[in-house]
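> Here is how the chains run, residue by residue.
4 protein chains.
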Amino acid sequence: MNFYNKLKEDCGVFGVFGHKDAAKLTYFGLYALQHRGQESAGIVSSTEREINEHKGMGLVPEIFDENILEKLRGHISVGHVRYSTTGSSVAKNIQPFVVNYEGKTYAIAHNGNLVNAGNIRRALEKKGSIFQTTMDTEVILHLLAHSMRKGLSEAIVNVVSQIKGAYSCVLMTDDTIIAFRDPNGFRPLSLGLLDNAYTVASETCAFDLIEAQYIRDIEPGEILIIDKNGLKSIRPFPRHKHSFCIFELIYFARPDSTVFGLDVYSVRKALGGKLAREYSIDADFAMPFPDSGNYAAIGFCQKSGIPLEMGVIRNHYVGRTFIDPVYSMRGFNVKVKLNPVKHILNQKKVIIVEDSIIRGTTSKMRVKALREAGAWNIHMVVSCPPTKHPCFYGIDFPTEDELIASGKSVDEIKNYIGLDSLSYLSLDGMVEATGLPKNDFCLACFNGKYPVNPELGISKSYLET
Amino acid sequence: MNFYNKLKEDCGVFGVFGHKDAAKLTYFGLYALQHRGQESAGIVSSTEREINEHKGMGLVPEIFDENILEKLRGHISVGHVRYSTTGSSVAKNIQPFVVNYEGKTYAIAHNGNLVNAGNIRRALEKKGSIFQTTMDTEVILHLLAHSMRKGLSEAIVNVVSQIKGAYSCVLMTDDTIIAFRDPNGFRPLSLGLLDNAYTVASETCAFDLIEAQYIRDIEPGEILIIDKNGLKSIRPFPRHKHSFCIFELIYFARPDSTVFGLDVYSVRKALGGKLAREYSIDADFAMPFPDSGNYAAIGFCQKSGIPLEMGVIRNHYVGRTFIDPVYSMRGFNVKVKLNPVKHILNQKKVIIVEDSIIRGTTSKMRVKALREAGAWNIHMVVSCPPTKHPCFYGIDFPTEDELIASGKSVDEIKNYIGLDSLSYLSLDGMVEATGLPKNDFCLACFNGKYPVNPELGISKSYLET
Amino acid sequence: MNFYNKLKEDCGVFGVFGHKDAAKLTYFGLYALQHRGQESAGIVSSTEREINEHKGMGLVPEIFDENILEKLRGHISVGHVRYSTTGSSVAKNIQPFVVNYEGKTYAIAHNGNLVNAGNIRRALEKKGSIFQTTMDTEVILHLLAHSMRKGLSEAIVNVVSQIKGAYSCVLMTDDTIIAFRDPNGFRPLSLGLLDNAYTVASETCAFDLIEAQYIRDIEPGEILIIDKNGLKSIRPFPRHKHSFCIFELIYFARPDSTVFGLDVYSVRKALGGKLAREYSIDADFAMPFPDSGNYAAIGFCQKSGIPLEMGVIRNHYVGRTFIDPVYSMRGFNVKVKLNPVKHILNQKKVIIVEDSIIRGTTSKMRVKALREAGAWNIHMVVSCPPTKHPCFYGIDFPTEDELIASGKSVDEIKNYIGLDSLSYLSLDGMVEATGLPKNDFCLACFNGKYPVNPELGISKSYLET
Amino acid sequence: MNFYNKLKEDCGVFGVFGHKDAAKLTYFGLYALQHRGQESAGIVSSTEREINEHKGMGLVPEIFDENILEKLRGHISVGHVRYSTTGSSVAKNIQPFVVNYEGKTYAIAHNGNLVNAGNIRRALEKKGSIFQTTMDTEVILHLLAHSMRKGLSEAIVNVVSQIKGAYSCVLMTDDTIIAFRDPNGFRPLSLGLLDNAYTVASETCAFDLIEAQYIRDIEPGEILIIDKNGLKSIRPFPRHKHSFCIFELIYFARPDSTVFGLDVYSVRKALGGKLAREYSIDADFAMPFPDSGNYAAIGFCQKSGIPLEMGVIRNHYVGRTFIDPVYSMRGFNVKVKLNPVKHILNQKKVIIVEDSIIRGTTSKMRVKALREAGAWNIHMVVSCPPTKHPCFYGIDFPTEDELIASGKSVDEIKNYIGLDSLSYLSLDGMVEATGLPKNDFCLACFNGKYPVNPELGISKSYLET
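Those protein sequence lines, which keep their order, are chains A, B, C and D. When we follow the numbering used here, the leftmost residue of the first sequence carries the number 25, and every step to the right adds one. When we follow the numbering used here, the leftmost residue of the second sequence carries the number 25, and every step to the right adds one. When we follow the numbering used here, the leftmost residue of the third sequence carries the number 25, and every step to the right adds one. When we follow the numbering used here, the leftmost residue of the fourth sequence carries the number 25, and every step to the right adds one.
Just so you know, not all the hints are guaranteed correct.
Claimed, not checked - Covered by chain A, per the in silico footprint, the following chain D stretches (three or more residues, Cβ under 8 Å): (1) 239-252; (2) 279-286.
Unchecked claim - Heads up, simulated SDA-like pairs for lysine to any residue below, C-alpha to C-alpha not over 20 Å straight-line: (3) C:K116 - D:M81; (4) D:K128 - C:E424; (5) B:K150 - A:V122; (6) A:K116 - B:N124.
Rather than coming from a laboratory, the hints here were simulated on the basis of the structure. Note that CB positions come from ideal geometry on N, CA and C, so glycine has one too.
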């Protein structure tokens, strides 16, 4: 749940059909999904006659207030939170993406990443289409416009037969919500029920907050159309091998969510328990860096019998803090967030339970701060294998050059971070902790086996080619 | 220059090619054109490698600051000020309108109104094009994308052969500025020179502020391409009758501008002089409502020998003032802007020199305030004929129902406003004051003769049909 | 009315007793007095049980909105606009100044300047009093606290017997408004009536806006107590020579106000008329720099028969404009506000009618801009004599070094500004234009005769001594 | 560390003498002390010639930025964070409180509450002193001004001999920092060293962040003068019984601080351990409500052998959230902050380890949310005895009426909150966990024995009497 220092995922999506407070529910839904994108958010609503939208940069409560939500009238709504790309034109990339076509309005919220967006775009431009944004999401709506002759259902089927990669989408028209998910099922997407209204969300924690009931997942490859006639499910693809993103379980999803049918808190505890099975380390206590490794640490301590302590205190008032350059060199940007507790750490042998290591830079600074606070031995156990390969399916992983495990051995990483020992969970141990077969997961960031061919290398930069 | 209460024109446009401070010059240019649009503004700049843009709601100095202008790097720039339409999606209608097409960026700033945008849009949608906005301007870029096979020059020629109505446009690509103006020449568009840089502006007052030299007008029907090779002029149309908007001279343009080859200040004085010739009224003094009738009033007083006084004082600190509903009924919203000077008005016979009357509501409130301040007789002379017909070429005139002269006789208007007498300038007197032949002007708002057929009735609402 | 470039006066004050919308009326009153202070404002109101206040930096409509005014409950209110001094502690110097003493609250708004505040303060500090601010106004409340044994009326009499200099004050207690004015009557202060409520204001233009009726001035040396029993007037001083600030008539007050019993618009016209009598200059036309010289110019033209033109256009959208240092050298900061009209000025002989010259720097830049616009001869007539001496009674005049007429002859000033000729109105001509005897005015800034001895040199810096 | 729902303490104070970045260090110091006051903050700095100050409402990083800190020049600085009182005049109560007296500036930051401020104020007002604020802190400066004849040291001695109650203060003059603490030592105050600069802070966690070294506490009854000559300590009082606030250890202070010579983290673990000794409860797991009970929960689990789980997830993005009234009834304001983890709670027997119960309302809502998430049995253990009496020494405890333990038995509280059982730690158990003798603490909120007589009942409302 701590995304400040490591990875950025693209998005969280949310939709409601059939509730008089659709936009307000979407506001709370996005609030619960805030961890999936903290830089911009938007809500689009429909009364079937009138479409209203509001988008902005920042956190959900900074963007919306009561007045704005009052104006987002309608019983249908779709929302999106996003980690937006940098650059001069950020504002126009905020989702949901909205277009007009033949007098109707279409709004789409997309979580994931298309691997063939560049090819499709070039083909569309040859036919005279012009583009507003550099988002892969925009091609979905262009394809839809080119297919609308035969009606919305067939148009969607036509679109999904052309796009490849990861997509968990919520599309809103004036009178319909369509949720659809790629056949691999890379990203989660769930269906809930509140009173007589249907709701769709990236994670079930959004249902908990609005007191909706979790029904089931939108299945991989499913197109679910929600309108005044109820639910209609289309499955245009033959049954397909799943490729659930295991990083959702390790790191991204909130611990109180159910994702891919698994409860995230328990999976994380099990990952910590597996670490305790695989490694035996002499220590005074184990500790997480709150809050990312909390649950693996609980599992690790319960299995190993090593006491749990909170060796660092998280500062809850951290916002957009000004850090003077002079002081940032002295590790202020680390200590402002997590303050080591000297009297706990002093002269102690400590095990840090981490969920993952990406660049290693934050870990290095934190370990240094622990040493300065008096820790004598510092071991680290990590609840997944070394992360060596970039993601083309929606996680903003750094390039291979920046992934520390891509170029360095475990021993070199240990030395870089400044540890006494470093122990990664095995790939099999990780998969076993989930209880699902290995085949059900995308493990590409660990083993380099990409379930869908990323045609253009790093697909998100497709416009530069 | 007082646009708060009467008419809203769509836009002012500005462009620079070949100056290292292109965006800063555009900022000052838009500043000088602020009277042509006060609700939003935008600037797009190009270094030929990188496009930067910034847009916002509000006045030019509220939208841009030094930091923002520093980031708008490049030697090419285009800008726009706009009276934007109301509704939920205002922000996306702020110009310049920017799109990507085959790896290149196109930004357009448009002053005027297309009368066949609806037909073009429907045809494009049939081919699968989707639209971001409800602006007629967007169809220009769609047509351009469909014509780019043969190169930019031919594409522009192809576009202007399809669009009809009023357009004074500045189009920017990564490395070129193209200024083009409809064959009727409804709206002004001028060319200036600053050091070695060319600049294009709606009015010459923008050149004065940046100390550029006014060269000539972009001619009606001309396409002027400005790039590193200099100027290239294309005139794809046969020579065409002009239809200069005479309201630019009466009301819109700044008095220090040269428009259609005429100096606006002198034309307005001449209009006031014509009024003095056509009517003889006994009065203690004449006065304008500052600042709209100032120049006609000076001309009127010089020709008639009647003394000029400033019977109302304009409040310079008027901004977005909160007006309590309770007090607004008592005429506060009028007096907050213009305070009657009691000791000047008391027991006097007064002539108000007005440039035009649109709805009559503001005049009515102001005349009431003069009466309360003690004026005994109030006459009004207006420096144009009764305004009876809506405009389809870029002025946001009210509908015919709202135009007071459309449904009421001069005598009825006089009574509605509460005047002792009301005298309009004759159509011929108005035209004579300009020194140009009647044929050169669009006089549709006075005589209902529309130079270009407005196909769809009120063209700006083409999306609702 | 144009205070951007020349002088800053300290304050405008306003008070209401007995109206349910007291704070709203005060808001409009301050709005009308905005020209007397543009950098901060405040309102304090009382329900007799509860005191509410709100203050801020900026213009009145920027500081207050509907919500804030709703919270300023009560039927008694006092307000203040101010040109605040620079420095780190500006915010705490915003008036009305509020203190608590023995369970009661006192709020004071002060226009003017005390010349013996330093001596009084030092004496109070010796007795153990501590001060929150560096304002002379604060000593009034300290003196009041030390005199309260015998009741409010006597305390005020005791205070005014100790303070010297210029003060037009409105003091509010929980249940009373007290307006008092120094025996010389340097600054104006008027009494108005709205329904059954009394109101006090620096200028009568504030009454016009709220539709209150002007009753009379608070007389020099008068203490006027307004409470639920009505008005009670105390005159503790023997009758005293008046010292009305003639600069209020020349420059500060709004032309639609009545000040010292004189209507400002007519006095300014008379000043222009006197100029036409004293000087005969050959010219094509005369013009003001709007809006400061407007009324003297009208008077000058009517008496001389020289035509009036508006040779420069005032930009109404000027706010806090960013001016790039590069461009400010080229006179942008002048032209952004006032744009010369080339076709009017070109090859013409021009007379500028100015109300006053303080530093001469702004005039110099403006004259330069007129020359660049093509004016051939530029004469200037000024509606007062040379301003040679600083003011110790509430006008923020520059020091003698900065007053151009203090160190330079008229001929030297003419050359500095770049004029063909420069003509000041005579002292007698100026006084005659008012219709009052010379004895009634403070003319110290012209003749150096100070009606009240400024003990400490420049009294406003008394804290530095 | 979670202050949103329970208690508000008045303040945190911080001072620096002798560092070129004094204000920046103060900024970070206040940042670390943010938990002691979240509604306003201020910093005052001195170069010995010039005093600069900046204050505002909100969190420390919202109030200060780099530009502001740059302007707070000087090598001496004092800062304050505050939970400010509500009302219309909040802004002027922000500390440090600053006054001018005989040409010098005095700034004071105060943590605590004086019990005889009302009496002193009435006496001072009789002598003619006027007050700016309703803060007890202001009387300290008035007393100081009345004693300055004999120099600063004696003046401070004179002041502390007159004031009674709780005060840990940092006073800054132009060239000196004086830290002083009441003889009972109710609130903490520590001395640190950074390079050659001395620093004073409410808690040692502020030293950790700026990497200063903790030297010792300012002792109860000590006056410590820090100037260019170094440290000078004055102890004007005879040795006195200590009355350390035990609630600092239970709840207020940060767990990584050392307070009263005790490390807070270890004391909290010991309190949890004592609970495990005093009560034996059958449960599946124990959990805190993060983050207030975290450390007691760790101690409780380690001693009892009951597993620790995180049954609720804290939402880190909580800011000023809009909560629709409709939804707030359904417990949204609780769940937005803490989301129950259904799969952990479902069908479980749970022990909640709490640090304290004040009103019981938040606990009641949280327990209800746990029940809805499926918990079968819910027990609560509290790491202190029932809190029955208000605090007159600086903690904003509710009145006795609002303290649930004041009017209800333990059984009634259990029923109100909806628990299966409720167990408070014994008074002796609590004291034993600290390792200090009972005599060293103020235990008034538990046993009603007030070490200093609160003369006026509830002293903070002294102005109303």
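> It remains to establish, for every hint, whether it holds in the given structure.
Results of checking the hints against the structure:
| no. | hint | in the structure |
| --- | --- | --- |
| 1 | 239-252 | violated (count 0) |
| 2 | 279-286 | holds (count 3) |
| 3 | C:K116 - D:M81 | holds (15 Å) |
| 4 | D:K128 - C:E424 | violated (29 Å) |
| 5 | B:K150 - A:V122 | holds (19 Å) |
| 6 | A:K116 - B:N124 | holds (13 Å) |
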